[in-house]
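S.K.: Chains A and B, in that order, are what the protein sequence lines are.
If you read the first sequence in the numbering used here, its first letter stands for residue 1, the second for the next number, and so on.
If you read the second sequence in the numbering used here, its first letter stands for residue 1, the second for the next number, and so on.
Keep in mind that a hint or two might mislead.
The list that follows gives simulated cross-link-like pairs (lysine-lysine, DSS-like), each with its CA atoms no further than 25 Å apart [unchecked claim]: (1) B/Lys253 with A/Lys86; (2) A/Lys106 with A/Lys132; (3) A/Lys88 with A/Lys196; (4) A/Lys86 with A/Lys163; (5) A/Lys185 with A/Lys196; (6) B/Lys47 with A/Lys106; (7) A/Lys185 with A/Lys163; (8) B/Lys175 with A/Lys88; (9) B/Lys175 with B/Lys253; (10) A/Lys163 with A/Lys196; (11) A/Lys88 with A/Lys163; (12) B/Lys253 with A/Lys163.
Derived by calculation from the structure, the hints in this document are not laboratory data.
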Amino acid sequence: MESNNRAIYWVPYVLWIALFVVAPILLIVYYSFQGLDGEFTLANYRNFFTPVYLTMTLSSFWYAFLITLFCLLIAYPAAYFITRSKYKQLLLLLIILPSWVNLLLKAYAFLGIFSTYGAANSFLEVVGIGAKQLLFTDFSFVFVSVYLFIPFMILPIFNALDKLNPALVYASRDLGASSWTTFRKVVMPLTSSGVKAGIQAVFIPALSLFMITRLIAGNRVITLGTAIEQHFLVTQDWGMGATIAVFLILIMVVIMIATGTRKKGVM
Amino acid sequence: MALFWPRAYLAFVFIVLYAPIFYLSFYSFNSGGTMSSFDGFTLDWYKELFSDSRLLVIVLNTLIIALLSAAISTIIGVLGALAIVYARKRLYQHILLSLNNVLIVSPDVIIGASFLILFTIIGINLGFTSVLLAHIAFSVPIVVIMVLPKLEEMSSSLIDAARDLGASRFDILTKVILPYITPGIFAGFFMALTYSLDDFAVTFFVTGNGFTTLSVEIYSLARRGISLQINALSTLLFLFTIVLVIGYYFIQKRNEKTAVGVRK
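Model the full structure from these sequences, guided by the hints.
M.R.: Pasting the structure below:
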């Protein structure tokens, strides 16, 4: 009787794990060894190491790096100023709110803003630079991605800064450290966990989100995510798509180990 | 003076953060039909939106999928959290929790692609069923994460006391544990709901030709270019989001210990 009751707890959950966590990973690996004809092959892996795919991977990395860097540069001061504000809870809510708006709608807004006669070009005209082709360029891709990911960078950094004991900063200043030294030797090391969590939250989506490149960058930018979507849904070459997916998973694992969140609760 | 730069900087960040959203809403009232020159005020786009019966069906589909997947994933998730907390060995706990978090950290493309393979192999037709199963699948770990802290903070003496007083296993579950973790269950349900409503990438992979959710529809409309109907739709969705956030905020207040969540 007792053991029967216990089974009710874990059977549905373990079934879920088996079917939707373990099986999908195994299937991805299995398909990465399949050619278009369904035969076992290593051709997909050989293909991946040709210049076409390697350049694609490198450029995807480069864009993700740029996006993460700009996010960090903008988010750190913002998070810092928010922790110093009297209204920090309200400001935090205002940072989080846009992240709840459907990502596609925010990307779509930039179709208007960056269009030939859109707000951005009107601004450039007024400043005297003159209208430019903004949409479907790598600039617009990086800009829109930074815009979309900023809240995910601000939040963990804010949490880390908020936990920092201000007495440590005062102590450092009392002992004669300049504000720059205090920042470099006290604040930065103590908030590195937040920065790492932020990098993790931005870098992986930057590698993998395919809808932003499709909507904003046209075919100028191809990320790993775009390539996977392309192979699965357009060219129907699941084997190659699965191979790229395997590498994306590997990259993800490396990033997670490098930014080391071995704590519980990824959220 | 010392306060000026921080304030100016924050103001700048907030303006950039909100400008695109208001830009969208502003042009939803434009009679001109473009997102660049405002010709005159009109509500035509909203009228068009409400008379579009195809879109109405899509909204209904999206809501049904969200409610069903949130309800089912909440049940599985609560059972999962119980399984993790009451696992017999620490090692099992660790393994279950690690497997649980795989789908939370996986990029959507990977989840979508691997589910597409899975459904094709099992032989599930792409459409309502596959989308529902996929949404249940990616919502379960979120529910577990929301329920787990509540279960962990519950003192085991409560259960010991109930057992001493002669409660059966079933009574302990329904009369002691479940009431205690109710705030966590609500928070989990709510998160699952919003994840399902907002999901695009996974649905895009596993949906067939006949079945569409709102996100997928927005994507295919947006790929065709600018149509102010999308602007009107996004204005309504933004208002709806604010209502959801306020709702979530109140659940959080009742459930103080959990951290504020951000959308994926």
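S.K.: Please go over all the hints and tell whether each is borne out by the structure.
M.R.: Verification of the hints:
no., hint, verdict
1, B/Lys253 with A/Lys86, "holds (20 Å)"
2, A/Lys106 with A/Lys132, "holds (21 Å)"
3, A/Lys88 with A/Lys196, "holds (22 Å)"
4, A/Lys86 with A/Lys163, "holds (16 Å)"
5, A/Lys185 with A/Lys196, "holds (17 Å)"
6, B/Lys47 with A/Lys106, "holds (23 Å)"
7, A/Lys185 with A/Lys163, "holds (17 Å)"
8, B/Lys175 with A/Lys88, "violated (39 Å)"
9, B/Lys175 with B/Lys253, "holds (24 Å)"
10, A/Lys163 with A/Lys196, "holds (15 Å)"
11, A/Lys88 with A/Lys163, "holds (13 Å)"
12, B/Lys253 with A/Lys163, "holds (20 Å)"
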